[in-house]
Structure formats: C-alpha cells, structure tokens
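Chains as they are written, first to last, in my numbering: chain A, 5 to 134; chain B, 9 to 169.
Be careful, since some hints might not be right.
Mimicking DSSO-like on lysine-lysine, the simulated pairs with C-alpha atoms at most 30 Å apart in a straight line are [said to hold, decoys possible]:
#1 LYS121(A) with LYS99(B)
#2 LYS85(B) with LYS121(A)
#3 LYS100(A) with LYS121(A)
#4 LYS85(B) with LYS99(B)
Derived by calculation from the structure, the hints in this document are not laboratory data.
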Amino acid sequence: MSEMRVLIVDDSSVMRKIVERSLRQAGLEPMVVLEAGSGVEGLQVLSGQTVHLILSDINMPSMDGLEFLRQLRGQNLAEGVPVVMITTESSEEHVKQAILAGAQGYIRKPFTAEQVKERVLPLVAAVEGR
Amino acid sequence: MTLSLRENLHLVTDPRNLDSSVEEVFNMMLGAACRPTELALAEEPETITAVVGFGGLLSGACVFRSGATAALVIAGKLTGMEFSEIDDTVKDAIGEVCNMLAGAWKGGVPDLSANCGLSIPAVITGSNYHIHVQAPEFRLHHVYEFEDTAFEVTIICDGLQ
Numbered sequence: 005m006s007e008m009r010v011l012i013v014d015d016s017s018v019m020r021k022i023v024e025r026s027l028r029q030a031g032l033e034p035m036v037v038l039e040a041g042s043g044v045e046g047l048q049v050l051s052g053q054t055v056h057l058i059l060s061d062i063n064m065p066s067m068d069g070l071e072f073l074r075q076l077r078g079q080n081l082a083e084g085v086p087v088v089m090i091t092t093e094s095s096e097e098h099v100k101q102a103i104l105a106g107a108q109g110y111i112r113k114p115f116t117a118e119q120v121k122e123r124v125l126p127l128v129a130a131v132e133g134r
Numbered sequence: 009m010t011l012s013l014r015e016n017l018h019l020v021t022d023p024r025n026l027d028s029s030v031e032e033v034f035n036m037m038l039g040a041a042c043r044p045t046e047l048a049l050a051e052e053p054e055t056i057t058a059v060v061g062f063g064g065l066l067s068g069a070c071v072f073r074s075g076a077t078a079a080l081v082i083a084g085k086l087t088g089m090e091f092s093e094i095d096d097t098v099k100d101a102i103g104e105v106c107n108m109l110a111g112a113w114k115g116g117v118p119d120l121s122a123n124c125g126l127s128i129p130a131v132i133t134g135s136n137y138h139i140h141v142q143a144p145e146f147r148l149h150h151v152y153e154f155e156d157t158a159f160e161v162t163i164i165c166d167g168l169q
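This is chain A alone, in the form it adopts within the complex (with noise of 0.2 Å):
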C-alpha cells in the first residue's frame, strides 16, 4: 500500500487534529487523512472516496458515532474497513454497543499516542497483509 487513507470523524477540529498526531506518531506514513465533523459527514466522504482505516467519536451532533457505524454498515460502506472508536464514554456496555454496531476497536480519551499505536496498528497491518 502506498499510502494509508484515513477517515477521522469527530466535532472537534482539535480533536481530529491530536488524532492525526498520534496516528502519525504512531509511524503510519505515508497517511492521507480525511476529515468529517459528524457521522452524517462522514457517509458523505465515504460514499465518494476511498479510505483504508476510520476512526471515530461516539459523542457528536446531528449523528453520534454508533449511528454513523450502523449505517456505515448497513449500506455497505468501506466494507471490510476497520473502525476504531475514540470516545470519553468507557463503560463495559458503550464498548460492546460499539463492537455489536461493527467497531474493532475503542479507545477512551483521554488517550496516549501509545495507546492508540496499541489499538490501531494491528488493525492496519491486516490491512495491510490483504
């Protein structure tokens, strides 16, 4: 693969930012990284472009993360694409919520770039071995 694509969902622009940072720190270069402010913005990206990766928070207006996954999902989008879920909700059942909804992952925030080198790069060297 040439070059990682990455789809980052999250309201915040900041957060999106420190997302992009780990993930670089956590070495995935070369990396093209998309951006959505909702999960609605999200399916939008989605539908014209391609991505190799998806990370994103639960806690959004006008769709949250575990909509944008089940319709992610149920349209058939970026099949077979990882997603990760980084959010501020930690409990035991936000998590399997998510890993019913479709995530392979979850990150709490807050988060260290260890952690999301952790959670993410397995993910991405299955990609990757495709």
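Since the structure of chain A is provided, determine the placement of chain B on it from the hints.
Okay, now just chain B, sitting in the frame of chain A:
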C-alpha cells in the same frame, strides 16, 4: 432491581475522584502535571467557561472555568500551537478538555459510567457572568495550579436517582 446512586453517594461525591480525573486528563493529553491548590482563581478581564451536561442516573454538569491566560496555555499544550487570543480553536480545545474531564470523572464511579450520558460541550466567554444552579444535590469544586496559571473544575449535581 432499580439502580440507585444514593447508596453509593460517598463514591459519587469523593473529591479524590475529581482530582485524579483532572490529573489523568492533563498528564495524558497535555503531558503536563497539575495539582489542587487552595488559592482562588485570579480575576482576569476575560474568562472562558466550558460546560458538559450529565443526564441519566445523575443530572447536572461538569464546568471548567479559567482566565484567558490559563486557557491559552492549555489549548497550546493540547494542540501544539501558539495562541494569543481566545479564538474558535481555543474554545474547541477547552470544550474538549471539559468533555474529557466529565468522562473521566463519571468513569471513576462504576454505576455512573454506564448510566449517565454526556452532552456536547458548550463554551461561554466574556466577563461578569456566573452559572447559577438552584439547590444542587451536591457540588464539588476545586482549583488547580498548572504552569503558573490556574483553572477551576466544578461538578454540579441537581438530580440523583
């Protein structure tokens, strides 16, 4: 069986949970230490307040407040950028800090973690304003020192099941 937080009120109101939540967020996201202080927040012409609401077993809010000086330092540490005024990026950064504080605080109480939702952060800037909650169930309020500045975090509960 109906879940009630009242039996675990001592856990919900434990001030150490607030301190450890603040320290965790600042250590992990800003790479910087902060510590509780007895000092009052210095008055500044411009202040910033971020509010994240709680709903569910507990209703109320997590409120972050600081002067512009602390807000610019915190936003700078979080983003790796430099700021000279409270612009939209600083407001976004402070809203996210408050969001993470609220999430870390409720995550510290097992029954709250799964049964209390968080709102999207709201951010207020200006001067001469204050947030009034009528007859709260409890209120935790601490001031923290951070890089020669200070900020305060308040947990206000106005309803508890």
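Tested hints:
1. LYS121(A) with LYS99(B): Within the cut-off at roughly 28 Å; holds.
2. LYS85(B) with LYS121(A): 21 Å, holds
3. LYS100(A) with LYS121(A): Roughly 22 Å between the alpha carbons, so the hint for LYS100(A) and LYS121(A) holds.
4. LYS85(B) with LYS99(B): Holds: LYS85(B) and LYS99(B) sit about 14 Å apart, inside 30 Å.
When each numbered hint is compared with the structure, no violation occurs for any of them.
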